[in-house]
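As a plain string of letters, each chain reads:
4 protein chains.
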Amino acid sequence: MKVGAAGLCHSDLHLINGDWQKSLPLNLPKTPGHEIAGWVEETGTLVPKSIQKGDLVAVFGGWGCGFCFYCKRGDEQMCQAAKWPGLSEYDGGFSEYLLVPSYRFLIKVDEQTTFLKPEELAPLTDAGLTPYRAIKKVRHILGPNRNVAVIGIGGLGFYATQYARILGSGATVVALDRSDDKLEMAKEVGGADFSLNLTESEVRNKIRKITNGEGIDVVLDTVGLESTINLAVDILNKNGAIVVVGLFGKEIRTPLFQTVIQEYQIYGSLWGNYNELHEVIELAKKGKIKHQIHKFPLSRVNEAIDLLRAGNIEGRAVIIP
Amino acid sequence: MKVGAAGLCHSDLHLINGDWQKSLPLNLPKTPGHEIAGWVEETGTLVPKSIQKGDLVAVFGGWGCGFCFYCKRGDEQMCQAAKWPGLSEYDGGFSEYLLVPSYRFLIKVDEQTTFLKPEELAPLTDAGLTPYRAIKKVRHILGPNRNVAVIGIGGLGFYATQYARILGSGATVVALDRSDDKLEMAKEVGGADFSLNLTESEVRNKIRKITNGEGIDVVLDTVGLESTINLAVDILNKNGAIVVVGLFGKEIRTPLFQTVIQEYQIYGSLWGNYNELHEVIELAKKGKIKHQIHKFPLSRVNEAIDLLRAGNIEGRAVIIP
Amino acid sequence: MKVGAAGLCHSDLHLINGDWQKSLPLNLPKTPGHEIAGWVEETGTLVPKSIQKGDLVAVFGGWGCGFCFYCKRGDEQMCQAAKWPGLSEYDGGFSEYLLVPSYRFLIKVDEQTTFLKPEELAPLTDAGLTPYRAIKKVRHILGPNRNVAVIGIGGLGFYATQYARILGSGATVVALDRSDDKLEMAKEVGGADFSLNLTESEVRNKIRKITNGEGIDVVLDTVGLESTINLAVDILNKNGAIVVVGLFGKEIRTPLFQTVIQEYQIYGSLWGNYNELHEVIELAKKGKIKHQIHKFPLSRVNEAIDLLRAGNIEGRAVIIP
Amino acid sequence: MKVGAAGLCHSDLHLINGDWQKSLPLNLPKTPGHEIAGWVEETGTLVPKSIQKGDLVAVFGGWGCGFCFYCKRGDEQMCQAAKWPGLSEYDGGFSEYLLVPSYRFLIKVDEQTTFLKPEELAPLTDAGLTPYRAIKKVRHILGPNRNVAVIGIGGLGFYATQYARILGSGATVVALDRSDDKLEMAKEVGGADFSLNLTESEVRNKIRKITNGEGIDVVLDTVGLESTINLAVDILNKNGAIVVVGLFGKEIRTPLFQTVIQEYQIYGSLWGNYNELHEVIELAKKGKIKHQIHKFPLSRVNEAIDLLRAGNIEGRAVIIP
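Residue numbers (the numbering used here), protein chains in the order written: chain V, 1069 to 1389; chain B, 1069 to 1389; chain C, 1069 to 1389; chain X, 1069 to 1389.
Here chain V stands alone, though its shape is the one from the complex (with noise of 0.2 Å):
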């Protein structure tokens, strides 16, 4: 396919740091890039007539083997097997083409009927899809009168607090980061219904105070870091949940009394499934969900993993071959 947008993650600095060296071992050099969306550019033999040249399509990244359990009940991103454009064997979305395995990890998009460019699909597929997982596996958790907490409103978190909003059942969603002028996003785009900075005193308490004492039901996390694990638990309620999707961390740590006697409930959840990816971009067609998107030509790439590693971009970098 023709690359015509590729979202720049904080996954891709975990790679060119090397942190995963051991976790996801890479034969280098590698493009980077596994949030894609383009056109199709060539098809082959098995591909269905549905699927033709020019085709606007988002790339699911989880390229799974169709037929272990994980596969057949639809998780392909976790799949033993599965290869991942950008972070394992195949090269990613860094470039002006791409060649995907298979029709089956592609979802294709109608350009004229929605309007939906490139750059809002690409982000989509990681951090518009990894949000929408780990709130959906615990929305029956979620109503009127539940609380749910967003940590850390970058590139997934700002769809999260909308993903809270959409499945919470009218749960009341709180922001949380170190920057007022994401938290000013979160409120004003995301439907954040309130926001706190992480760096203010107090932030236990008002949060108690938000919610009458009774603590947040359903904490994401896409941080990850010791500290937003440890206010996670600090402010949890009852029989609450923790869904961790950030990597910045080393462990997860929670006090075991509290966590049996109070029923706390820590949840991993990676990435998406293909249906999952399906939900996204229909949210997306019906203009449910919004977006905060920075373009960059792929010869500025270097400079928008600067401002990402320095925490400067509010919403997703987009990288434009």
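Certain hints may be false.
A pair holds if it fits inside one copy or across any two, identical chains being indistinguishable in the list.
[Stated by the list, open to error] Calculated cross-link-like contacts (lysine-lysine; reagent style PhoX-like; alpha-carbon spacing at most 20 Å): (1) K1070 with K1204; (2) K1356 with K1318; (3) K1176 with K1121; (4) K1306 with K1318; (5) K1306 with K1090; (6) K1255 with K1356; (7) K1354 with K1277; (8) K1354 with K1204; (9) K1205 with K1306; (10) K1353 with K1098; (11) K1277 with K1363; (12) K1098 with K1070; (13) K1185 with K1121; (14) K1306 with K1277; (15) K1306 with K1354; (16) K1356 with K1274; (17) K1306 with K1151; (18) K1255 with K1185; (19) K1070 with K1363; (20) K1353 with K1277; (21) K1185 with K1356.
Just so you know, these hints were derived from the structure itself, not from any lab.
In this text, all values refer to a predicted model and were calculated from it rather than measured experimentally.
Please arrange chains B, C and X on chain V, whose structure you already have, making use of the hints.
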């Protein structure tokens, strides 16, 4: 308690008609009115101090034994021994004062901070509660690329379209009724994405078109006539669910082959439970649901009954003692 | 593949009778047989090396497109474009050899370590799979103080009582049929706690007695006649579920008032999916399900059909080519 | 009530040690004993006639307010204001007589037809209840090709292996402990398929082998030490769940990357609720669970405490007043 308002419900018409003489036998005379809100007038010795004279309260109408399997899981409205004010042994709310046998059946609402009035609260206890439970029961089916239809935009249906939006995780909401005025209300106030008049020809085809040929994933039937259930079946998507709360008809009939092969699901749903009523009131407190109320003084209750019978109430009639 | 065994199913009788000419139109002639096991004979170029000539395999019968919403969630048997060997375009297993269009539809079984034979495997792919999915669908309802009834102890029902025990979390299992021999088998081999002959008077009262007046929480109807569904409704407990897999009747009819007030649930259930077939085969491997098989050589297939039609097969007839 | 038997629990040791002085402060002196069964001695005026002097009853130990969110959904043991006999304000069952403040906390058992004795009933109210809730919480994960492990075959673990079998839908059950005698009991009486001594080398490898390299899908940790939770993580399959009920350690620590990428789930689980205790007692009535009880007269309670502390009780010690 001193009754502030009591909603008028189709169930009251069924009672007056004698439709339920066999299934719900009553000793006459009986004061109807099972949707009740008002102020605490006097408290017994077992009532905790958090409930005081003058407090605004909504009455949960399923007065269960508190001890059986259903009560112990929270579904007191399903208790074998449940009493329902205005529908069984106890007199109801079309009266100045009402005896509530336990504080366990009250939900206290802060009149000062929430600005909710008895006439808004009363209908929530049945018209507002019944479709909430019905849709919550199947919300795991709903999502951005799913469709939900509400048949009958009466007292319940008006709330139902709102819940379809709030609990639907981005699902498309379709309102169906025979009255254009009610359909208009469902779209303008109730948040329906589409509305269709049941008397139009081609209703089924129009729904196929709206849903890209897929059909509806959840149909909430607030009517329960043979014709509405037939429609529900005809427009149902694979694996779709019909939830019936309306009691106008005699039978639920679905074609066997289709029901099995398409894996249809059919649910009856009864009123709601205490925690669900809390959730509904919380939505009202947060301003997330709209009310459509027509007030009648107790002296004009018969006029209200005639209007309801003729189908000329948009929203809910509420009796003010 | 070389067919080792192919089960004979009531669906085959429906086909032969022409019952489904409208719903499942076929180009004749057609070889029936959709419950198939045997050995790999030859493999195409896309087949992974883990599947080799000579391997014992069971054939999953819902040959979905692998790409749509239903396939991507694992329910290939619900795919709009699914092919079913012996029931639609493809020929079935009453034949020496069979063409399976993809290895994705095979489950490999180690003949040496599990000692399962093709004639045991073949019926698992439908008779053994369909009631498994049906009961798994409602196992969250079941528990130590719940009751489950299986109506019809034929090819499916014999497995069903076993699943009711295995998936029932300690529920009491009741078998219902018109044949004392089959009921005997359900108790002795199939693990039913109670059995009742449908032709007895007082079946309903006896069930009330067995269940301490509560009724049955899950009724699996493997027949689907008006009489069996009526019985299912009559014996149902509050909040009970009827799961219908039998296709003998025309309609599912339940009384509206009772269905709503008692919160009944009615489900159609279709065959099973690939992972569910894996689970069924795993039960067989572990020796946790028993088989009841009558082998007929391919030359005596018509005799087997006559016996099945007359209701004189206890367990499953299997054709051996 | 007249106490018939009261179980001795590790929680009693924690209390005696003063481990919970901060989290569960007590006014001393206090009579311990929170697993209680016996006979009704006298009833108050609000007690229904179905409960009479002389009735055999088990005491549900979470004495909730009956009115809050948790009580109204049935989880009275999670009520903020819950009293626990022998663990908080109320005295417990190491005594001849006990005051139970409401009949709502009793479960009546028919002594004549079920042949259950107080010493069998008492341990069911905590040792028998806690692992039941823990495993029920994750039973949707379990199935024929899933594996469940119980760490710690003490008072709770002995029941846990039995529930793993009953609620496990055919899952393979692995018992883990440091005592060969307890492991023997878990296999012979408790229905475990495999048992492994924690002091053996190669425990992790042996588990990989037993599970064909997949690992364990549900680990129930009845200990809660750093070493047992580490083991739980090491043997966990993708998407696996660790349920912790043991309170011996200080923290739950899991590696972040693995927890997220493998989508682990970690749950604390607290005691059980009233309906769950009904279910446990129903299993006992049906003869589906086995008891392992060591009776001590009240005069020898200190000896029993010493034996429990030394880990020398197989099954549950029960004090008989």
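Okay, the hints, checked on the actual structure:
Taking the closest pair of Cα atoms, K1070 and K1204 never come within 20 Å of each other, the shortest separation being 32 Å inside a single copy and 43 Å across copies. For a Cα distance limit of 20 Å, the shortest separation of K1356 from K1318 qualifies neither inside one copy, at 35 Å, nor across copies, at 40 Å. Taking CA atoms no more than 20 Å apart as the test, K1176 paired with K1121 passes inside one copy only; the shortest distance there is 11 Å, against 38 Å between copies. With identical chains, the CA atoms of K1306 and K1318 are at most 20 Å apart between copies only, with a shortest distance of 19 Å across copies and 25 Å within one.
Proximity of K1306 to K1090 under the C-alpha cut-off of 20 Å is restricted to the inter-copy arrangement: shortest distance 18 Å between copies versus 37 Å within a copy. When the C-alpha separation of K1255 and K1356 is checked against a cutoff of 20 Å, the pair qualifies both within a copy, at 15 Å, and between copies, at 17 Å. For the homomeric pair K1354 and K1277, the shortest alpha-carbon distance between copies (16 Å) is at most 20 Å, but the shortest distance inside one copy (35 Å) is not. In the homo-oligomer, the alpha carbons of K1354 and K1204 lie at most 20 Å apart inside one protomer (18 Å), although the nearest pairing across protomers, at 23 Å, exceeds that limit.
Taking CA atoms no more than 20 Å apart as the test, K1205 paired with K1306 passes in both settings, with 18 Å inside one copy and 16 Å between copies. Taking the shortest Cα distances, K1353 and K1098 never come within 20 Å of each other, neither inside one copy (33 Å) nor across copies (44 Å). Within a single copy, K1277 and K1363 get their C-alpha atoms no closer than 39 Å, and across copies no closer than 37 Å, so neither meets the 20 Å cut-off. Taking identical chains as interchangeable, the C-alpha atoms of K1098 and K1070 lie at most 20 Å apart only when both belong to the same chain, with a minimum of 18 Å there against 45 Å between chains.
Proximity of K1185 and K1121 under a CA criterion of 20 Å is satisfied intra-copy only: 17 Å inside one chain copy versus 48 Å between copies. For the identical chains of this complex, K1306 and K1277 are intra-copy neighbours only, at 16 Å inside a copy versus 38 Å across copies, given an alpha-carbon limit of 20 Å. In the homo-oligomer, the alpha carbons of K1306 and K1354 never lie at most 20 Å apart, since the shortest distance is 35 Å inside one protomer and 22 Å across protomers. When the C-alpha separation of K1356 and K1274 is checked against a cutoff of 20 Å, the pair qualifies neither within a copy, at 30 Å, nor between copies, at 23 Å.
Proximity of K1306 to K1151 under the C-alpha cut-off of 20 Å is restricted to the inter-copy arrangement: shortest distance 17 Å between copies versus 39 Å within a copy. Taking identical chains as interchangeable, the C-alpha atoms of K1255 and K1185 are never at most 20 Å apart, the minima being 25 Å within one chain and 30 Å between chains. Proximity of K1070 and K1363 under a CA criterion of 20 Å is satisfied intra-copy only: 17 Å inside one chain copy versus 58 Å between copies. Proximity of K1353 and K1277 under a CA criterion of 20 Å is satisfied inter-copy only: 17 Å between copies versus 37 Å inside one chain copy.
For the identical chains of this complex, K1185 and K1356 are intra-copy neighbours only, at 15 Å inside a copy versus 32 Å across copies, given an alpha-carbon limit of 20 Å.
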